[in-house]
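Model the full structure from these sequences, guided by the hints.
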Amino acid sequence: MEKSLNWREFIITRLIKASGYSAILFVALIFIFLVREGVPTFVEVDFKSLTNIRWYPIEDYFGILPLITGSLIVTIGATLVAVPFGIGTAVYISEIAPRWMREVLKPLVELLGGLPSVVLGFLGILVISPYVRVFLDLPTGLTALTGSLLLGGIAVPTVVSVAEDALDAVPRAYREGAWALGATRWQTIWRVTLPAAKSGVLTGVMLGIGRAIGETMTVMMVTGNAPVLALKLGSLFSPVRTMTATIAAEMGEVANGSTHYHVLFFIGMVLFLISLGVNVAASSMVFRAKKRAERILS
Amino acid sequence: MKRALALNRHLVQRIGFTGITLMAVFTVIPIVAVVIYILVQGGPAISGEFITGFPHDGMRAGGILPAIVGTLYLTLGTAVFSVPLGIAAAIYLSEYAADTPLTRTIRIAIINLAGIPSVVYGLFGLGLFVLFLKFGTSILAASLTLSIMTLPVIISTAEESLRSVPQGFRTVSISLGATRWQTIRRIVLKEALPGIITGVILGLERAAGETAPILFTGAAFFLPRLPHSPFDATMALPYHLFVISTQVPEMPIKIQYGTALVLLVFVLTMNLVATAIRSRARAKRQW
Amino acid sequence: MNRHLLLFTTLVAMLFMTSCGPASSAESASDSQETYIENKGSDTIVNLALAWAEKYQGDHPNVRISVTGGGSGTGIASLINGTVDIANASRKIKSEEVDEAKSNGVDPVEHIISRDAIAVIVNPENPVSQLTLQQISDIYSGRIVNWQEVGGEDRPIVRLSRETNSGTHVYFLETVLRLGSKEDKTLFSMDTLLLPSSEGIIAEVRQNPNAIGYDGLGYVPKDLKMIAIAEEESGAYVLPSIPTVNDKTYPIARDLYMYTDGQPEGLLKEYLDWIMSDEAQEIVAELGFVPVN
Chain G
63 MEKSLNWREF IITRLIKASG YSAILFVALI FIFLVREGVP TFVEVDFKSL TNIRWYPIED
123 YFGILPLITG SLIVTIGATL VAVPFGIGTA VYISEIAPRW MREVLKPLVE LLGGLPSVVL
183 GFLGILVISP YVRVFLDLPT GLTALTGSLL LGGIAVPTVV SVAEDALDAV PRAYREGAWA
243 LGATRWQTIW RVTLPAAKSG VLTGVMLGIG RAIGETMTVM MVTGNAPVLA LKLGSLFSPV
303 RTMTATIAAE MGEVANGSTH YHVLFFIGMV LFLISLGVNV AASSMVFRAK KRAERILS
Chain F
-9 MKRALALNRH LVQRIGFTGI TLMAVFTVIP IVAVVIYILV QGGPAISGEF ITGFPHDGMR
51 AGGILPAIVG TLYLTLGTAV FSVPLGIAAA IYLSEYAADT PLTRTIRIAI INLAGIPSVV
111 YGLFGLGLFV LFLKFGTSIL AASLTLSIMT LPVIISTAEE SLRSVPQGFR TVSISLGATR
171 WQTIRRIVLK EALPGIITGV ILGLERAAGE TAPILFTGAA FFLPRLPHSP FDATMALPYH
231 LFVISTQVPE MPIKIQYGTA LVLLVFVLTM NLVATAIRSR ARAKRQW
Chain X
306 MNRHLLLFTT LVAMLFMTSC GPASSAESAS DSQETYIENK GSDTIVNLAL AWAEKYQGDH
366 PNVRISVTGG GSGTGIASLI NGTVDIANAS RKIKSEEVDE AKSNGVDPVE HIISRDAIAV
426 IVNPENPVSQ LTLQQISDIY SGRIVNWQEV GGEDRPIVRL SRETNSGTHV YFLETVLRLG
486 SKEDKTLFSM DTLLLPSSEG IIAEVRQNPN AIGYDGLGYV PKDLKMIAIA EEESGAYVLP
546 SIPTVNDKTY PIARDLYMYT DGQPEGLLKE YLDWIMSDEA QEIVAELGFV PVN
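First to last, the sequence lines map onto chains G, F and X. With this note's numbering, the residue at position 228 of the first sequence is 290, and numbering never jumps. With this note's numbering, the residue at position 259 of the second sequence is 249, and numbering never jumps. With this note's numbering, the residue at position 48 of the third sequence is 353, and numbering never jumps.
Quick caveat, the hints were computed from the structure, so don't treat them as lab data. No experiment lies behind these values; they were computed from the predicted model shown. Treat each hint with caution, since some may be false.
Calculated cross-link-like contacts (lysine to aspartate or glutamate; reagent style EDC-like; alpha-carbon spacing at most 16 Å) [what the hints assert, rightly or not]:
| # | chain 1 | residue 1 | chain 2 | residue 2 |
| --- | --- | --- | --- | --- |
| 1 | X | Lys553 | G | Asp122 |
| 2 | X | Lys487 | G | Glu121 |
| 3 | X | Lys527 | X | Glu430 |
| 4 | X | Lys399 | G | Glu157 |
| 5 | X | Lys490 | G | Glu121 |
| 6 | X | Lys360 | F | Asp89 |
| 7 | G | Lys79 | F | Asp89 |
| 8 | G | Lys353 | F | Asp89 |
| 9 | G | Lys353 | F | Glu150 |
| 10 | G | Lys79 | F | Glu85 |
| 11 | X | Lys490 | G | Asp122 |
| 12 | X | Lys574 | X | Glu415 |
| 13 | X | Lys527 | F | Glu240 |
| 14 | G | Lys294 | X | Asp496 |
| 15 | G | Lys168 | G | Glu157 |
| 16 | X | Lys397 | X | Asp560 |
Here it is in structure tokens:
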């Protein structure tokens, strides 16, 4: 009886250990695949062509710069929306709202995070882009701005969720100390609580940005998909084409193994590396925040 | 002088609080507005036939049953692959792993998986499952792709749940002679289960609503019958909404909103169930 | 724990019961003798293909036809990869694609299944009603940027186009932008909006007075304004319709294709023969395309 119990325990432990390593396996697998299919790009397309400003793959124009700037400008716009609203809402929920409202608002904001991106894109075409066009007197409402607004909306729940947790984890003693010294609640929030929760809040912001960079369907439906080099501030009000929308729109049509196929995988590689960068930065903050929380709360 | 300063501070607070409150209001109102708008526009389309019938007349009439069933199949498929693997990985991280560089690498890997854009998952799924392993455009390929995407969510929330079980539970169990696995299975897992289930539901909710990963791995525009095997392609709610709102001419607006509503209800129900389980578990918690 | 398990199992059971519900039992009853035809490709053809599939399946319950879009390029790529029976294409297969197919052991055979006019559309409020091909080419390549330059109001021109994987896009590039010349290397202006589908174009043109777009005649609803086109300034300005396509007075019309791997046989051949029949071609006319006969 003992022997068979030990044997079963042994197998289960091994399986669990293997599952633990699986995450690394998958990340490596994804990276390997992207590289395997993306690297031939360098062989088939010369560097000068890649840094061209025109993206027109069916005539062999593979300039990816417009796509990168497109993703960049939409993400920056989304950040400008998500950061103030996200942090503001997190502060509201954590510091200002009465207890009962907190219980209502948190799930409500999480709800927004659960909205499928295609639903938001759908509303974007039908409702938001006409408004943008009319309000701002633009030639068309299918712009980077529209994309940013919607992406900001998608990123806000992530920011609120993580930031609010971070603010909540700041020990009451910090706040009480500040109040005892005569600070107003407002002063306490900005000079004590928020700085104390800094790394958690920043993590939330970075995760929100990560979500915005990676969003596909919404941007494909509302940004117009014109591969224009988006370098000026004014580009926010014109159509742009993001890397994600490019992959989604063009992947279905490529013949397996063609140059276009490799270039699309190359773009996927770029996206992967960008999100890797953002996440490594965010994860080191998560690590530090968790350590601090463990120290404080233990 | 001091009084003036004091008034100043309180004024600042008043303004500040109002500003922050407005921000929160402007964040929450759009959410509510979106849901209500879709409800109002899509409500009239909902009927028994809409939910249980097949599309007719180039999808402009009839129902969306194949899309609903397709999404259910995909969600189930995702659960089958990601839930056991995810929970096992979470158990490893919570109960077995020491704080070594290897463990830190695993954590970074998980955070990375969480951050990868959904379309890159689609690309990966196309390359590996559809083409390399020759599964073709199928429920199998799409589910596998969605599972890897869902894995980080399940692992993080499950691990957090497991960790929140007080160490005391474990030590008492071991001191009574149980093995590590017995402790985990009968005590820790049981206590952490509500939290784990919450995480699973939230993860599956995301999988159900995603379009990009299934675009080239499993989704189809129109199928005349429900899928018979995991190697069939399938219609799915998010893809169906995308298609009918962008590709079919003269599509009645009511049907578009109706489909959006069904998808929304599906996703929101999962959200509510998860939230309910979480609050109930918190209330019943014995520590 | 038991309660959660029970709930989960109940949901799973319900799920399997829906798939055995009345809707699918009719489908699966004749499973044993069913043939499955997979049809993929052009978004221009997709609704026509769907209408045909619905009609044909209604009369032939032992044949099941699935239809998917994605663009002409997608369909041909799938034919080359061997994953579909019929590739729908709104443009001719390219020579590189033929080579690729041959190297994969696939022999693409072309069938012309319908004709289609490309309508150029503008917002109903736009006073401009006619343009020459050269003017349209200049508009889309970016040489003309304001509606004033072609007799309209002082408004910037917003150009809408299908995505590059669309056969319609390629046809427009070759026939209108480049006026049919193979040496011409004119490209779409970089700020042309590339919308992933026809409906995107229709929706934007409908509500944006600055917009100009193009798409197959079958996709243009009655409330949108079509431009009458002349090949030269001295010529007649013609609106697209079945007669003007058939007598070739409308300058931008094209054939629509279905490609199969080799000559079709058996039930696939029957389906393709039926598509060329009067019954099927009537559906073509109903949907706004131009019948082949």
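Taking the hints in turn, this is what the structure says about them:
Only pairs whose Cα atoms come within 16 Å are accepted, and Lys553(X) paired with Asp122(G) is rejected, the gap being roughly 33 Å. For the given pair, Lys487(X) sits about 13 Å from Glu121(G) by alpha-carbon distance, which is consistent with the 16 Å threshold. Note on Lys527(X) and Glu430(X): the hinted pairing holds, with a Cα-Cα distance of about 14 Å set against a maximum of 16 Å. With a C-alpha separation of about 64 Å, the suggested pair Lys399(X) and Glu157(G) falls outside the 16 Å cut-off, and the hint is violated.
Our distance criterion of 16 Å between C-alpha atoms is met by Lys490(X) and Glu121(G), whose separation comes to about 9 Å. Of the supplied pair hints, the one linking Lys360(X) and Asp89(F) is violated, its CA atoms being roughly 64 Å apart against a limit of 16 Å. For the proposed pair Lys79(G) and Asp89(F), the alpha carbon gap of about 14 Å is at most 16 Å, so the pair holds. Restraint check for Lys353(G) and Asp89(F): the C-alpha separation of about 12 Å stays at or below 16 Å, so the hint holds.
Restraint check: the Cα-Cα separation between Lys353(G) and Glu150(F) comes to about 14 Å, which is no more than 16 Å; the hinted pair holds. As the CA atoms of Lys79(G) and Glu85(F) are separated by approximately 10 Å, the hinted pair is consistent with the 16 Å bound. The hinted pair formed by Lys490(X) and Asp122(G) meets the criterion: a straight-line CA distance of about 12 Å does not exceed 16 Å. About 13 Å separates the Cα atoms of Lys574(X) and Glu415(X), which keeps this hinted pair within 16 Å; it holds.
At roughly 10 Å between alpha-carbon atoms, Lys527(X) and Glu240(F) fall within 16 Å of each other, so this suggested pair holds. Our distance criterion of 16 Å between C-alpha atoms is met by Lys294(G) and Asp496(X), whose separation comes to about 14 Å. Between Lys168(G) and Glu157(G) the CA atoms are separated by roughly 13 Å; this keeps the pair inside 16 Å, and the hint holds. Simply put, Lys397(X) and Asp560(X) have alpha-carbon atoms about 9 Å apart, close enough for the 16 Å limit, and the pair holds.
Hint violations for this structure: numbers 1, 4, 6, all remaining hints satisfied.
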